[in-house]
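J.: Since chain A is already given, all that's left is putting chain B on it; use the hints.
Residue numbers (our numbering), protein chains in the order written: chain A, 1 to 118; chain B, 1001 to 1766.
Among these hints, one or two may not hold up.
[As the list claims (entries may be wrong)] Covered stretches of chain A (in silico footprint by chain B; criterion: 3 or more residues with CB under 8 Å from a CB of chain B, positions within the stretch not fixed):
1) 36-43
2) 81-95
[Said to hold, decoys possible] Here are a few chain A residues that sit away from chain B, every Cβ distance over 12 Å (derived from the structure):
3) M23
4) A31
5) M46
6) T53
7) F57
8) F64
9) G68
10) W71
11) Q77
12) L78
13) V99
14) M116
[As the list claims (entries may be wrong)] Label pairs and their calculated CB-CB ranges:
15) B:W1760 <-> A:D73: 21 to 27 Å
16) A:A87 <-> B:V1714: 55 to 61 Å
17) A:F82 <-> B:V1714: 57 to 63 Å
18) A:L30 <-> B:R1728: 35 to 41 Å
19) B:V1714 <-> A:G96: 53 to 59 Å
20) B:I1752 <-> A:G39: 21 to 27 Å
21) A:M79 <-> B:W1760: 52 to 58 Å
Treat the hints as calculated values from the structure; they're not laboratory data. C-beta atoms are modelled at their ideal positions from N, C-alpha and C, and glycine is treated no differently.
Here's the letter readout for the chains.
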Amino acid sequence: MTIPMAILADAAPVTAAAPANVMVTLVLALALFGIGLVGFLTRRNMILMFLCTELMFQAAALAFVAFGRMWMDLSGQLMVIFILTVAAAEAALALGLVVLLYRRKETLSNEAWADMKE
Amino acid sequence: MDPSALVPVVLAMADGAHAAAGDGHAQHAAAYADVGALPYAKAGVDAGFSWLKWMLLAPLASVVLCGTFALLKVKGRWPAVFTVASFAIAAALAVQLYRQWGPSLFESGTPLAVPLADWITFSWGNGPFQSFTANFGLYVDGITLLWMLFVTVLATLIALYASEYMESDVRAGYARFFFAVSLFVASMLILVMSDNLIGLYMGWEGVGLCSYMLIGYYAKQVGATAAAKKAFIMNRIGDLGLALAIFLIWTNYGTVQYDGLFQAIASSGAETVQGSWSKAAIPFLLLLAVCGKSAQGPLFTWLPDAMWGPTPVSALIHAATMVTAGIYLLARMAPFYTAQAIGAEWAETALLTVGWIGCATAFIGATIACGQFDYKRVFAYSTISSLGYMVMGLGVGTAFGGVYYVFTHAWFKALLFLTAGAVMHGMAGQVDFRKLGGLMKVPGFRLTMVCMLLGCLYLATAPFSAAALSKDIILYQALTSPVEQVRWMGWLGLATAGITAYYAFRVWFRLALGPVHIEPGPDQHGHDDHGHDDHGHASHAAHAPAAHAPAAHGHGTHAGHGFHPHAPGLRISLVLSLIAVGSVLAGLPSYLEKSNGFNWIQRFVERSSAGIRATVGPEHAEILGRDAHGTLFVLATGVVVVGFLLAWLLHAANRGLGDRLRASMLQTPGLKWLPLGSEHGWYVDGIYHVLFGVPAWLGAQVLATVDRFVVDGVVVNAVGRIPGWFARVFQPLYTGTVQGHALSMAGGIALIVGWVIWWWLSGGAS
Chain A
1 MTIPMAILAD
11 AAPVTAAAPA
21 NVMVTLVLAL
31 ALFGIGLVGF
41 LTRRNMILMF
51 LCTELMFQAA
61 ALAFVAFGRM
71 WMDLSGQLMV
81 IFILTVAAAE
91 AALALGLVVL
101 LYRRKETLSN
111 EAWADMKE
Chain B
1001 MDPSALVPVV
1011 LAMADGAHAA
1021 AGDGHAQHAA
1031 AYADVGALPY
1041 AKAGVDAGFS
1051 WLKWMLLAPL
1061 ASVVLCGTFA
1071 LLKVKGRWPA
1081 VFTVASFAIA
1091 AALAVQLYRQ
1101 WGPSLFESGT
1111 PLAVPLADWI
1121 TFSWGNGPFQ
1131 SFTANFGLYV
1141 DGITLLWMLF
1151 VTVLATLIAL
1161 YASEYMESDV
1171 RAGYARFFFA
1181 VSLFVASMLI
1191 LVMSDNLIGL
1201 YMGWEGVGLC
1211 SYMLIGYYAK
1221 QVGATAAAKK
1231 AFIMNRIGDL
1241 GLALAIFLIW
1251 TNYGTVQYDG
1261 LFQAIASSGA
1271 ETVQGSWSKA
1281 AIPFLLLLAV
1291 CGKSAQGPLF
1301 TWLPDAMWGP
1311 TPVSALIHAA
1321 TMVTAGIYLL
1331 ARMAPFYTAQ
1341 AIGAEWAETA
1351 LLTVGWIGCA
1361 TAFIGATIAC
1371 GQFDYKRVFA
1381 YSTISSLGYM
1391 VMGLGVGTAF
1401 GGVYYVFTHA
1411 WFKALLFLTA
1421 GAVMHGMAGQ
1431 VDFRKLGGLM
1441 KVPGFRLTMV
1451 CMLLGCLYLA
1461 TAPFSAAALS
1471 KDIILYQALT
1481 SPVEQVRWMG
1491 WLGLATAGIT
1501 AYYAFRVWFR
1511 LALGPVHIEP
1521 GPDQHGHDDH
1531 GHDDHGHASH
1541 AAHAPAAHAP
1551 AAHGHGTHAG
1561 HGFHPHAPGL
1571 RISLVLSLIA
1581 VGSVLAGLPS
1591 YLEKSNGFNW
1601 IQRFVERSSA
1611 GIRATVGPEH
1621 AEILGRDAHG
1631 TLFVLATGVV
1641 VVGFLLAWLL
1651 HAANRGLGDR
1661 LRASMLQTPG
1671 LKWLPLGSEH
1681 GWYVDGIYHV
1691 LFGVPAWLGA
1701 QVLATVDRFV
1711 VDGVVVNAVG
1721 RIPGWFARVF
1731 QPLYTGTVQG
1741 HALSMAGGIA
1751 LIVGWVIWWW
1761 LSGGAS
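Isolated chain A, as found in the complex (with noise of 0.2 Å):
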């Protein structure tokens, strides 16, 4: 990817980040994964799972930025560009299950939905 350098002319000269500062990001990255894992697993609250949902996304993301700026490629922010536009969509449609589950059965509860058990 080519980016014109007048954009960049008065930036201040951007370097490849080291491996080790890059681990510390990518930590960062899967802290927040596993958070949003495990809310995922244990909450019973839709709202919060769906919120967990957005935790694990945005911890991709953070992967894709960290790794970008590595290997000095646009590639990895343009991508993070995608998912959160993708998220926002996503946030939009799941909300509004959300509400019509919730119409339905008057709680937001999952339990209330294990009807593909056998």
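T.: Frame of chain A, contents of chain B only:
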């Protein structure tokens, strides 16, 4: 047949024919199975006669039109118009062929071959047994022409009759009925006109199919569908014989085309065929086919049940034409019943088997007919009996007698069935002659009953009738035969003639004479327009059926309960009259023979594949030490008169005596079997049920049990349960909650990641 067309030909041919016939007699007297040389002329190909294809295309066009009407459920009388018109075209073409080409056939005896279209032609080498040809082509010789003529003419008349008879079905199945009838005539013409055995087989199956469709025409009645299935299945047994015979014919001769086949037999000497079982089996397999189609021997029981079909169908298919296809096959395949084809011993055995099956069937059919009370079934059994006579004619060595009787029988038996149909039509489907009587006095039924009288006279082979002239040829041939067994067949046939006279007039006397007595039937045709109602049915049903019925009955006149007999209309009367005239004229060839020494039918048979059996026994033979002709006439007339007088005594002069005789026989333990057995067809159906039906049922039960408990129980269901058992172990893990799904997914991913890390740490990457 138009007699004016016939006479000039007869006159022209008289001289030559007489000389030829004389030679034939001398030749025939020498041998029974060994007929000497087989003089088969190669068929003359003449594409100028390709207009004959319209004989097939006209009925097929009617099939398409009637089928379209039936599919679109169009109501109306058009199907009858199409059918009658197409049959009339076919009949006109047949007559035209006779006028145009008949003289040359009589003169030269060369069959006519008309190629129409290629169908099956392939080869896998250049050798003699390495090709197979069965094209659409016509092969017309004497018997083909005869069958073409009477099938098309009778079909036209009977279709006209049916157009009135089926009137009450205009809404329900008029188009379907005429569709099947048209298809039948097309198939029948293919059967007789095809130039190879594959085409014959196609027509053979086609007529069987139409027979099935028409027997089961009243499909809402359980009996009709059962009868249709019975006819179809019993015919399939016979068709197996025909199929195997065709296979063996190809294996032995390398062709299925008549022309090549007859010449192959003619050129093979008797010594080359000794001990060839595969050749010797052919005539017996053909006989099996004949037994199915012509209701002979062990396979006859389908024909009485075929009376479930509409009566015009019984007249056309199950009396006049289709059931004679077996006789056609025997006449067509006559060369296979000679010493030249299969060796003298086998040929004699085959002929005797044919003769005995025919003779026994004639006798058994006649005895059963004596015990029936359903007049239509009497005629059905009489058809079985008559067909037995024809087969016996072929068996005792006179294809001429057999074919002549086919011709005369077609007319008078069609007449009998059509009169029976007119009575049924008028009496709301009443078929029990104990519940009818004195119909001669009922207005509108006189013509019908006179026609039935004529038919009964012919069925009874009254002296000088066409039937007697043709049947006596068979008896003459049998009684003057040098073979003792054949003479026994002749005597049994003579006895059968007496029984036939008895049962024929038993029906007519009961129906036509005596006080007027009418109980309407169950009305299976739905005559809503005749104004009789349920009240009429109920009151009639209250009357006891048999003994006290006729004389002292309170009916007085037939109209007593609001039932009005529906007299036959114009078309039925016209057809009855025409067929009655035809029945009488059918004897014309024999009368012309007296003056010209030339029999039209005999010349037809002479100029065909059955020509080797066209002659009649020795000219100057003796029966019981006296002159054969005179003795046979006296004997045949005698048994007919005895049968007639017996019927008159028991069923016209003193019906009480007849009824008392039957009652006393039923009470005598030693004689009980006679009326009961006769009424129930000697329990042949019951015997078949025990011999074949019950074992098949038991076998089915055993197999069903095995299927249910071994195949289903042990094999299929046990194997099917194994995954179920496994599932039951793991099923509790499946909670159906969202977290459960997510946990298993996360666990799966963790396992994969763990494995990748383990793989990486253990140096897998490097």
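J.: Work down the list of hints and note, for each, if the structure agrees.
T.: Now for the hints, and whether the structure bears them out:
no.: 1; hint: 36-43; verdict: holds (count 4)
no.: 2; hint: 81-95; verdict: violated (count 0)
no.: 3; hint: M23; verdict: 16 Å, holds
no.: 4; hint: A31; verdict: 16 Å, holds
no.: 5; hint: M46; verdict: 8 Å, violated
no.: 6; hint: T53; verdict: 10 Å, violated
no.: 7; hint: F57; verdict: 15 Å, holds
no.: 8; hint: F64; verdict: 19 Å, holds
no.: 9; hint: G68; verdict: 23 Å, holds
no.: 10; hint: W71; verdict: 20 Å, holds
no.: 11; hint: Q77; verdict: 26 Å, holds
no.: 12; hint: L78; verdict: 26 Å, holds
no.: 13; hint: V99; verdict: 17 Å, holds
no.: 14; hint: M116; verdict: 4 Å, violated
no.: 15; hint: B:W1760 <-> A:D73: 21 to 27 Å; verdict: 24 Å, holds
no.: 16; hint: A:A87 <-> B:V1714: 55 to 61 Å; verdict: 58 Å, holds
no.: 17; hint: A:F82 <-> B:V1714: 57 to 63 Å; verdict: 59 Å, holds
no.: 18; hint: A:L30 <-> B:R1728: 35 to 41 Å; verdict: 39 Å, holds
no.: 19; hint: B:V1714 <-> A:G96: 53 to 59 Å; verdict: 55 Å, holds
no.: 20; hint: B:I1752 <-> A:G39: 21 to 27 Å; verdict: 22 Å, holds
no.: 21; hint: A:M79 <-> B:W1760: 52 to 58 Å; verdict: 25 Å, violated
Violated hints, in rising order: 2, 5, 6, 14, 21; the structure is consistent with all others.
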